[in-house]
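So the sequences go chain by chain: A and B. So the number in the working numbering is just where the residue sits in the first sequence, counting from 1, plus 1. So the number in the working numbering is just where the residue sits in the second sequence, counting from 1, plus 17.
Hints listed in this document are in silico derivations from the structure and should not be mistaken for laboratory results. What you are looking at is a predicted structure, and each value in this text was computed from that prediction instead of being measured. Yeah, the Cβ is synthetic: ideal placement off N, Cα and C, and Gly gets one too. Be aware that a few hints might be false.
Simulated restraints on C-beta separations [what the hints assert, rightly or not]:
| hint | chain 1 | residue 1 | chain 2 | residue 2 | range |
| --- | --- | --- | --- | --- | --- |
| 1 | B | L149 | A | Q89 | 28 to 38 angstroms |
| 2 | A | Y104 | B | T36 | 34 to 44 angstroms |
| 3 | B | S34 | A | D201 | 51 to 61 angstroms |
| 4 | A | R66 | B | I156 | 55 to 65 angstroms |
| 5 | A | K140 | B | L288 | 39 to 49 angstroms |
| 6 | A | P19 | B | R154 | 15 to 25 angstroms |
| 7 | A | P19 | B | L149 | 21 to 31 angstroms |
| 8 | B | L318 | A | L153 | 30 to 40 angstroms |
| 9 | B | L149 | A | R66 | 19 to 29 angstroms |
| 10 | A | P21 | B | V51 | 55 to 65 angstroms |
| 11 | A | K75 | B | K144 | 27 to 37 angstroms |
The calculated EDC-like cross-link candidates involving lysine to aspartate or glutamate, where the alpha carbons are at most 16 angstroms apart (straight line), are [stated by the list, open to error]:
| hint | chain 1 | residue 1 | chain 2 | residue 2 |
| --- | --- | --- | --- | --- |
| 12 | A | K103 | B | E254 |
| 13 | B | K144 | B | E266 |
| 14 | A | K254 | A | D202 |
| 15 | A | K103 | A | D189 |
| 16 | B | K265 | A | E84 |
| 17 | A | K140 | A | D202 |
| 18 | B | K268 | A | D202 |
| 19 | A | K125 | A | D202 |
| 20 | A | K103 | A | E183 |
| 21 | A | K85 | B | E254 |
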Amino acid sequence: MAGNTPLLTVNDLSVVFPSPKGDVCAVNNLGFSMGREKIGIVGESGSGKSVTGRAVLGLLPPYARVTASDITFKGRNLLTCSEKQMRQIRGRQISMVMQDPKYSLNPVRTVGNQISEAYTIHHKAGKKQARQKTLDMLKAVRIRNPAQVYGLYPHEVSGGMGQRIMIAMMLIPEPSLLIADEPTSALDVTVQLQVLAILDDLVQERGMGLIFISHDLALVSSFCDRVIIMYGGQIMEVVDAVNLHKSNHPYTKGLLGCLPKIDGNPDHLPTLVRDEAWLKPPPKCFGRGTAL
Amino acid sequence: MTKQALKQPVRILVMLSTTFLGLLLITFLIGRVVPIDPVLAVVGDKALPQVYEKARIAMGLDLPLWKQFFIYISNVLTGDFGTSVLTANPVIDDILRVFPATFELAITATVIGVLAGIPLGIFSAVKRDSFLDHVTRVIGLFGYSLPIFWLGLMGLMFFYARLDLLPGPGRVDVFYEGIVTPVTGFLTLDSMIAGEWEIFRNAVYHLILPASLLGYYSMAYLSRMTRSFMIEQLGQEYILTARVKGVKEWKVIWGHALGNCAIPLITVIALGFGTLLEGSVLTETVFAWPGLGLYLTNSLLNADMNAVLGCTIVVGAIFLGVNLFSDFLYKIMDPRAR
Ligand SMILES: Nc1ncnc2c1ncn2[C@@H]1O[C@H](COP(=O)(O)OP(=O)(O)OP(=O)(O)O)[C@@H](O)[C@H]1O
Ligand SMILES: [Mg+2]
C-alpha cells in the first residue's frame with residue numbers, strides 16, 4: 002500500500018568518515034524513494050543503516066563528508082537548506098526514535114518537560130496548552146497515568162515506558178516521516194510487541210511515512226510494506242515484504258538462511274555469504290572503502 | 018518509607034562525626050609529639066623547676082593520655098582551642114577575627130573563577146581545536162604553572178608600583194583601618210552597612226588584585242574541567258535526541274548538556290572553594306592579607322602550637338562542611354541521587 006506521492010527521495014547518497022587509517026565509506030551511492038509507507042532497512046551491523054538515517058536529518062558529525070545528487074523531502078531539496086531551515090524540518094517534519102531510551106532521554110529533566118519542549122519548539126503554545134498536549138500524547142502511547150508520568154525522571158521509568166515516551170516526544174509535533182532506528186532492540190520480547198503495536202497504530206492513524214531500521218528480518222517483513230537490504234553501505238535489493246522469502250539475491254538468501262527455524266536443527270550453523278563483487282567500486286571513497 | 022528517609026541523615030551524621038573525631042585525634046597526637054614543650058612556652062626557659070611543675074599540673078599534662086584526650090575533645094567542642102602564645106588571645110577569637118578576610122577573598126575568587134572559567138570551558142568544548150580553544154589552553158597552562166607568589170609580586174609591581182592603578186598590599190589603606198565596626202566581617206559589606214562609601218571603594222580596590230589572581234587559578238582549572246565534562250556530554254545520545262527535535266544549538270548546550278555537566282562541576286567548585294578557605298598562604302603573605310593563611314603562617318613560624326592546631330581543626334571542619342554542602346547540592350541537581 003505504498004503512497005503515490007513521493008515523500009522522500011534520496012539519490013547517490015555517499016557518506017565518508019575520514020580517519021587516520023584511511024577513509025571509511027559508510028554509505029556508498031545509495032538511493033531510494035518512498036511514499037507514506039512503512040519501509041524497512043535491514044543489514045548486518047556496520048552496513049550503514051543508522052548513518053543513512055542521520056544523513057537524511059543532516060545530523061552527522063561535521064567531519065563526515067556527505068555527498069548526494071538529491072535528497073528531496075516533500076518536494077523540498079534538503080541539500081540546499083540552511084541549518085536554520087533544517088531545524089524547522091527536524092522534529093516537525095522528520096523525526097527519529099533511537100535504540101535505547103536509557104541513553105536517549107536527558108537524565109536531569111522530567112519526561113514531561115522533554116516532551117513538551119518538542120511541542121513548543123514548533124508550535125506557539127502556552128505552558129498550560131503544551132502540558133495538556135503532552136498529557137494527550139502520553140495517553141496516545143497508552144500510558145495509563147499520564148499526569149503522574151509527566152513528572153518522572155528518565156531513570157524512574159522502565160525501558161518499555163521509556164521508549165513509549167520517546168515515541169510520544171517524536172510524534173508530538175506531528176511529523177510526516179519517522180525514522181525508527183532499532184526502536185525495540187533494547188526491550189524484551191513482550192514489551193517489543195506492545196511498543197511496535199503502538200508505533201504501528203500511530204503511524205497508520207496519522208498517515209505518516211516510516212523508515213524502520215532493524216536487524217530482525219522476520220519482524221521487518223511482517224511489519225513493513227517494503228524492505229531495503231543493505232550491505233557494505235550499499236543497497237543490495239529492495240523487495241516487497243510479502244515477496245521477501247522469494248528473493249533471489251544471494252545476500253538476502255543468506256540472511257534468511259541464518260534465521261533459526263522451529264522445525265529441524267541444522268547440523269551446522271549457516272554462515273553468511275558475502276561477495277565483494279556485489280559492491281560497486283566506491284567512486285567517492287579513497288582506499289579500500291567499506292569498514293566490513 | 019520514613020525509616021528510609023531517616024537513615025540518610027543519620028548515616029551522614031555518623032560519617033561526619035567519625036571523620037571529625039579522627040581529625041581531633043591526629044591534632045591531639047601531633048600536639049604531644051612535636052618537640053615543642055607547651056609548659057616551657059608558657060613559663061619561659063628560666064623558670065624554676067617548682068614553677069614548671071606547677072604549670073604542668075595546672076595545664077593537666079600530668080594526667081594519663083586518654084584523659085587528656087577527653088578533656089581536649091570537650092574543650093574543642095565548646096570552642097576552646099587554648100590561648101595563643103603570640104597574641105595572648107583565645108585562639109578561637111583570633112580565628113574568628115581573621116577568617117572573614119579569607120572568606121571574603123575566597124568567595125570573590127570563586128565567583129570570578131566560575132563566571133570566567135565555565136563559559137570559557139564550554140566555549141572551548143563547543144569549538145574544539147579552534148584558535149580560541151588553543152588560546153584558552155595556553156591561558157590555563159599559565160595558570161597551572163606560574164607560581165602564584167611570583168604573579169602576585171608582578172601584579173603589585175605593575176599595577177601598584179608602575180601604573181598606580183590599584184592600591185598596594187593589605188585589606189584597606191592604613192588610615193581607613195579599624196573605622197567601621199565589623200558586622201559580617203566582610204569589609205566590603207561592613208563599610209556598605211556603615212555607609213562609608215570611601216572605605217567601601219578602597220576595600221574593593223584592595224580586593225581586586227588578590228581576588229583576580231586566585232580567581233585566575235580557579236578559572237584555569239575550572240575551564241579545563243568544564244571543557245572535558247562538556248565534550249563528554251555532547252557525545253551522549255540525549256544530545257542527538259535534542260537536535261532531532263529541532264532544539265537550537267545554544268539551547269542544546271546551555272539547556273541540555275550544561276545541566277548534566279553541572280553535577281560533576283559542583284564537586285570541583287566546592288573542593289576548590291574549600292582549598293581557598295584554608296587561606297592561600299602565599300597570596301595572603303604577598304598581599305599582607307590578614308586572613309587565616311597569614312595567621313597560620315605567623316603561628317607556625319613562632320611555634321604557637323595552640324593556634325596552629327586550632328587552625329588545622331577549623332580547616333578540617335570547613336572541608337567537612339563544604340563536602341556536606343556539595344553533597345546536598347548534588348542531590349538537588351541530580352534526580353538520580355535523590
Ligand atoms: N561518527 C562516526 N565516525 C566514524 N565512523 C562512523 C561514525 N558513525 C558511523 N561510522 C561508521 O560507519 C559505518 C556504518 O555505521 P552505522 O552506524 O550506520 O551502521 P549500522 O548499520 O547502523 O550498524 P548497527 O546495526 O550496528 O547499528 C560503520 O563502519 C561505522 O564504523
Ligand atoms: Mg545503527
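Right, here's what the structure says about each hint:
1. Distance hint for L149 of chain B and Q89 of chain A: a CB-CB separation of about 29 angstroms, consistent with the stated range 28 to 38 angstroms.
2. Taken as a hint, the range 34 to 44 angstroms holds for the pair Y104 of chain A and T36 of chain B, whose Cβ atoms sit roughly 36 angstroms apart.
3. As the Cβ distance of S34 of chain B to D201 of chain A is approximately 59 angstroms, the hint placing it in 51 to 61 angstroms holds.
4. In this structure the supplied range 55 to 65 angstroms is violated for R66 of chain A paired with I156 of chain B, their Cβ-Cβ distance being about 33 angstroms.
5. Between K140 of chain A and L288 of chain B, the C-beta spacing of about 46 angstroms keeps the proposed range 39 to 49 angstroms intact.
6. Here the CB-CB span from P19 of chain A to R154 of chain B is close to 24 angstroms, well matched to the stated 15 to 25 angstroms.
7. The beta-carbon spacing between P19 of chain A and L149 of chain B, approximately 23 angstroms, falls within the hinted interval of 21 to 31 angstroms.
8. In this structure, L318 of chain B and L153 of chain A break the distance hint of 30 to 40 angstroms, their C-beta atoms being roughly 59 angstroms apart.
9. For the pair L149 of chain B and R66 of chain A, the beta carbons lie near 25 angstroms from each other, so the given range of 19 to 29 angstroms is met.
10. At about 58 angstroms, the CB distance of P21 of chain A to V51 of chain B agrees with the hint of 55 to 65 angstroms.
11. Against the hinted window of 27 to 37 angstroms, the Cβ-Cβ separation of K75 of chain A and K144 of chain B comes to about 34 angstroms, which satisfies the hint.
12. Between K103 of chain A and E254 of chain B, the direct Cα distance comes to roughly 9 angstroms. Compliance with the 16 angstroms bound is thereby established for this hinted pair.
13. For the suggested pair K144 of chain B and E266 of chain B, the alpha carbons sit about 12 angstroms apart, so the restraint of at most 16 angstroms is met.
14. Simply put, K254 of chain A and D202 of chain A have alpha-carbon atoms about 31 angstroms apart, too far for the 16 angstroms limit, and the pair is violated.
15. This hinted pair checks out: K103 of chain A and D189 of chain A have alpha carbons roughly 14 angstroms apart, not beyond 16 angstroms.
16. A hinted pair counts as satisfied when its Cα atoms are at most 16 angstroms apart, and K265 of chain B with E84 of chain A qualifies at roughly 10 angstroms.
17. About 13 angstroms separates the Cα atoms of K140 of chain A and D202 of chain A, which keeps this hinted pair within 16 angstroms; it holds.
18. A C-alpha spacing of about 33 angstroms is found between K268 of chain B and D202 of chain A, which places the hinted pair above 16 angstroms, so the restraint is violated.
19. Annotation: proposed proximity of K125 of chain A to D202 of chain A is violated, straight-line Cα distance about 27 angstroms (limit 16 angstroms).
20. Between K103 of chain A and E183 of chain A, the direct Cα distance comes to roughly 14 angstroms. Compliance with the 16 angstroms bound is thereby established for this hinted pair.
21. Distance check on the hinted pair: K85 of chain A and E254 of chain B sit about 21 angstroms apart at the alpha-carbon level, beyond 16 angstroms; violated.
Hint violations for this structure: numbers 4, 8, 14, 18, 19 and 21, all remaining hints satisfied.
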